[in-house]
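Listed in order, the protein sequences are those of chains P and V. According to this note's numbering, the stretch in the first sequence is residues 1 to 199, in order. According to this note's numbering, the stretch in the second sequence is residues 1 to 341, in order.
Calculated from the structure, these hints are not laboratory results. Take the hints with a grain of salt, since some may be wrong.
Stretches of chain V that chain P covers, calculated by requiring three or more beta carbons in the stretch to come under 8 Å of a beta carbon on chain P [stated by the list, open to error]:
{"id": "1", "segment": "107-117"}
{"id": "2", "segment": "121-132"}
{"id": "3", "segment": "152-158"}
Ideal placement from N, C-alpha and C gives every residue a C-beta, glycine not left out.
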Amino acid sequence: MLPVTTILFYIFSAILLGAATLVVTARNPVYATLYLVLVFFNAAALFILLGAEFLGLILILVYVGAVMVLFLFVVMMLDINLARLKEGFLSYLPLGLAIAILGVLELAAVFWTSPLGHVPAPAAIPANADNTRVLGVLLYTQYLYPFEIAAVILLVAIIAAIALTLRRRAGTKTQNIGAQMAVRAKDRMHLVDLREPKS
Amino acid sequence: MHDFQNMAWWAILWSLIKIVIVVVPLLLGVAYLTLAERKVIGYMQVRLGPNRVGFKGSLQPIADAIKLMFKEVIIPTNANRFLFLAAPVLAFVPALLVWAAIPFGPGVAISNMNAGLLYVLAIAGLGVYGIIVAGWASNSKYAFLGAMRAAAQLVAYEIAMGFALVGVLMLAQTLNLAKIVEAQAGGGFWSWYWLPLFPFFLVYFISGVAETNRAPFDVAEGESEIVAGFHVEYSGMAFALFFLAEYANMIFVSLLTTVLFLGGWYAPINTPLLTWIPGIVWLLLKTAFLLYVFLWIRATFPRYRYDQIMRLGWKVFIPVTIAWIVIIGVALETPLRAILR
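Produce the entire structure from the sequences given, and follow the hints as far as they go.
Pasting the structure below:
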């Protein structure tokens with residue numbers, strides 16, 4: 001009988017591959033997005049099976065919790081013509097297959113030639129191993145510069161994205177919150193005495 | 001090997017037992033939170049609240065549950081049938097999943113995982129799928145508007161929420177929720193994290209109100225503008241699941257705020273009389289207090305306008321949390337470190 005973790009590995013992998021296929025073949029783009037969520041979920045489960053709970057949870061937090069929500073947001077807003085999408089499917093198929101085969105070959109080449117493929121089975125993970133801490137220590141000591149460079153690239157991307165969407169239009173009415181908060185009753189209401197002056 | 005296999009199955013069975021021990025009181029808590037809400041808001045508005053079913057209305061939640069169970073679930077024309085029925089489940093399941101990591105006492109949790117804080121943050125963000133999918137599958141403009149609002153609001157407030165938790169991490173030096181509570185032991189009330197992390201405490205709790213779509217941040221429902229938002233088209237048990245998810249999330253946010261900022265199961269003053277009271281009682285008392293604050297806020301504040309919500313999330317909470325992270329980071333490098341840790 002197989003160990004429980006092996007059974008779980010096959011279950012998660014099977015669901016992952018099935019859902020990944022459905023992402024491409026689903027007729028409805030909203031379904032495709034939801035299948036992609038399922039793919040991320042199962043990938044996270046595989047990470048956690050490996051004992052890499054930090055990577056698994058970050059995958060859910062970032063991709064499922066934020067990125068895919070925005071994807072879904074956009075896909076739902078679009079009025080997508082399903083028939084035209086289906087037409088394109090076959091014409092793009094050869095290109096897609098070529099890229100997929102290339103990817104598989106490259107991965108295979110890496111595994112056969114580099115020491116990556118011959119890593120001995122990892123030592124048994126000590127109980128209560130805190131891989132978040134280990135990862136943090138590595139990132140902020142040994143890999144500090146690559147990590148910081150990645151951070152700066154992301155920052156540039158953020159600023160670029162904001163700069164692309166930011167435009168000032170003349171004539172729009174915006175609130176000045178500071179001025180609103182500073183308003184007092186006497187600025188808005190002026191009491192006028194309408195009684196006839198006594199002579 | 002055979003022994004190991006037996007142990008694995010026994011561990012699964014034991015986990016199931018623990019899940020039942022947590023989920024059954026949780027659902028009862030949800031039922032009576034609805035009653036508490038109606039009573040508390042009733043008294044705040046000088047009304048009596050429900051008082052007909054059972055002693056002073058004490059059986060009202062049961063009556064409501066029975067009513068909802070026997071109502072027909074109506075599926076709108078041209079709605080996406082599968083997603084329409086899946087959406088309430090998508091909302092409800094994450095609301096239960098988060099409870100796996102919550103520590104109820106020293107060493108008492110369904111799973112005392114190392115990355116508990118991360119797990120909780122990751123799973124709590126999933127509830128929004130239920131809302132978005134419900135809004136889209138209903139084939140209704142009001143529902144769709146509610147879903148769009150919910151998505152934008154969630155993304156805005158989750159960032160502030162995450163930053164607030166970074167502060168807790170910096171002081172506790174661990175992602176394990178039970179250890180975070182233990183790091184707050186010592187001086188009672190004054191050694192809990194609400195004091196050094198006061199801005200985070202406020203930001204986290206307010207973001208929690210926003211994430212659970214409660215008043216004054218309930219624009220996803222907004223009954224006065226978009227009827228009932230994402231769940232206009234739902235009835236019967238399908239509606240009840242959304243309702244259960246919202247209240248379970250309220251209890252969860254209150255409990256997590258207690259764990260992170262209010263010293264979890266520790267007594268507020270370190271005297272023998274108070275420390276003799278079991279920790280779970282303190283934990284539940286603090287949670288109940290925060291739940292009361294949830295209801296109090298609802299009875300007090302009018303609903304925020306949509307752009308005001310966005311402004312509060314992006315332009316107020318995120319800068320405040322980033323600034324306080326820097327302050328805490330600097331303070332930890334000074335002699336203050338001894339007091340903060």
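So, going through the hints one by one against the coordinates:
1. With a cut-off of 8 Å between beta carbons, the segment 107-117 of chain V has 3 residues touching chain P; three or more are needed, and the interface restraint holds.
2. For a cut-off of 8 Å, the count of residues in the segment 121-132 of chain V with a CB near a CB of chain P stands at 8, and the three-residue condition holds.
3. Residues of the segment 152-158 of chain V lying with their CB closer than 8 Å to a CB of chain P number 4, which satisfies the three-residue condition for coverage.
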